[in-house]
Amino acid sequence: MKKIILFLASFLILLGSAKVSFAESDTLKRLKKQGYATVAVANEPPYSDIKTDGYVTGAAPDVARAVLNILGVADLKAEVIMYGAMIPALQARRVDMATSGLYIKPDRCESIIYSEPDLCGAEAFAVPVGNPNNLLTYEDIAAQPDLKMTTCAGCAEEKYALERGVSADQIVYFDTPPSGIKMLQQGRVDVFALSGLGTQDLLNKTNDPNLELVMPITGVPIGCAGAAFNMDDIEFRAEYNMALAKLKATGEFAAIIEPYGFSAEATAGESYLTRCPDGK
Amino acid sequence: MYWSWEVAFDVLPQLAKGVVVTIQATIVASILAYVLGLGIAILKMSKSKLLRIVLYWTTEFIRRTPILVQLYVVFYVLPDYGIFFEAFTCGVLVLGIHFSTYTAEVFRAGIDNVPKGQWEAAKSLNYNQVQTWKNVILPQAIPPMIPPLANYLITMFKETPLLAAITVVELFRAADQYSNSHYKYLEPMTLVGVFFLIVSIPSAIIAMKLEKRFKQRKI
Chain F
9 MKKIILFLAS
19 FLILLGSAKV
29 SFAESDTLKR
39 LKKQGYATVA
49 VANEPPYSDI
59 KTDGYVTGAA
69 PDVARAVLNI
79 LGVADLKAEV
89 IMYGAMIPAL
99 QARRVDMATS
109 GLYIKPDRCE
119 SIIYSEPDLC
129 GAEAFAVPVG
139 NPNNLLTYED
149 IAAQPDLKMT
159 TCAGCAEEKY
169 ALERGVSADQ
179 IVYFDTPPSG
189 IKMLQQGRVD
199 VFALSGLGTQ
209 DLLNKTNDPN
219 LELVMPITGV
229 PIGCAGAAFN
239 MDDIEFRAEY
249 NMALAKLKAT
259 GEFAAIIEPY
269 GFSAEATAGE
279 SYLTRCPDGK
Chain U
317 MYWSWEVAFD
327 VLPQLAKGVV
337 VTIQATIVAS
347 ILAYVLGLGI
357 AILKMSKSKL
367 LRIVLYWTTE
377 FIRRTPILVQ
387 LYVVFYVLPD
397 YGIFFEAFTC
407 GVLVLGIHFS
417 TYTAEVFRAG
427 IDNVPKGQWE
437 AAKSLNYNQV
447 QTWKNVILPQ
457 AIPPMIPPLA
467 NYLITMFKET
477 PLLAAITVVE
487 LFRAADQYSN
497 SHYKYLEPMT
507 LVGVFFLIVS
517 IPSAIIAMKL
527 EKRFKQRKI
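For the protein sequence lines, the chains are F and U, in the order given.
Sequence positions in the first sequence follow our numbering and run 9 to 288.
Sequence positions in the second sequence follow our numbering and run 317 to 535.
Hint data in this document are derived by calculation from the structure and do not stem from the laboratory.
Do not take every clue at face value.
To be verified - Each pair of labels, with its calculated beta carbon distance range:
#1 Q445/U x K213/F: 55 to 65 Å
#2 R529/U x A100/F: 46 to 56 Å
#3 R101/F x T405/U: 35 to 45 Å
#4 I522/U x N212/F: 49 to 59 Å
Even glycine gets a Cβ: it sits at the ideal position worked out from N, Cα and C.
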């Protein structure tokens, strides 16, 4: 009798677990099986930060790690990819997700899908101390065509600049944010544009009294980033969003991002539904 | 992902600008590589042992370190020591100097190939140094050097995308920037590859023909 009960019980457990995994998306199943997710990061602290020993941290990967843990995926492996190249990487499935503070932008929503926003923040410039060219907005850069600005290719700041009249010839693209700051220090460019917290972090680390932070930049929206997925991962995105909502509800979310300088409250009213056309 | 002519035509104007920079960089860098290479080759034959040793180690050092590292040093590090060049200048200086250490070997081999009797003949005509080089040695040494020098020209042309690493918007970087802001890689990168092929295959054929011609002449 005991044996039969044991058999039945184990059968039920098997059935139960089979049922659970049936409900899971194929992507989540695969990630669980391999034990990690490969994520694209840009190495732009505090959004994403790769320690010298290779450990991936920063606000966005830390959130993703916590969310994936809830989903049963143990860890992250990161690939450093420039912002512009993250979308092709997702499309080609070189990475499972991009967790690097990739802003939710309408044109990006046509190529990839986003989770609910996890990090929102203002924009900033870094300029020589005293702001000699009086640059407070992108329009100020556009009005002085002999000035050069640096930002990353394919990132939100490039679009902000081009949309506000900065000519393509004025933009010198940096490969990594620190090399952009270096170009500013050496006078190769007149202004460095990036996310507010990213710029602030760089200036703190550079600790150069000849540079100055301009924040926030008026006339550009608050940028909100989320984890990004391949277009076909709609189910996985839904699973991710559910776990992210759990994380937000427990307060653990705030505990992760606030030490990095981000505000959990800033994401409260935000959703990819409103930031992407057609709520994709 | 399929080929889109729309994207291809959209990216062309930007690539055209990049092509101009690529060609400019190739020409300036190769002139530098040739002039400097010849200078190094001649100086390496100097009687001063010290000069020869210094030149030997300098060229070894340049040849045995990666171009990319040299580019970064010249672009990012030298300005901290007060030596500042524009990005394009940094690029052609590094490419030109790097390849001058190779062309110097070509020049040296070419000069060595001139029979010793020619030097003695020049001496017997009471030519001075300049006359000897100009009238006797170089006219005989240069023709056989042309094919290998042409090959270095093609190599330098193919190395110009390295300048993208220091923000020079040559052909590759122009394509890369387009890719980064439009999330399309297929068309821009294919067009870059096609352009390099269109230029380098005919150049390689010309270099091969030149090589044949000079070989025949020897016989």
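Verification of the hints:
no., hint, result
1, Q445/U x K213/F: 55 to 65 Å, "holds, 57 Å"
2, R529/U x A100/F: 46 to 56 Å, "holds, 47 Å"
3, R101/F x T405/U: 35 to 45 Å, "holds, 41 Å"
4, I522/U x N212/F: 49 to 59 Å, "holds, 56 Å"
In terms of the numbered hints stated before, the structure departs from none.
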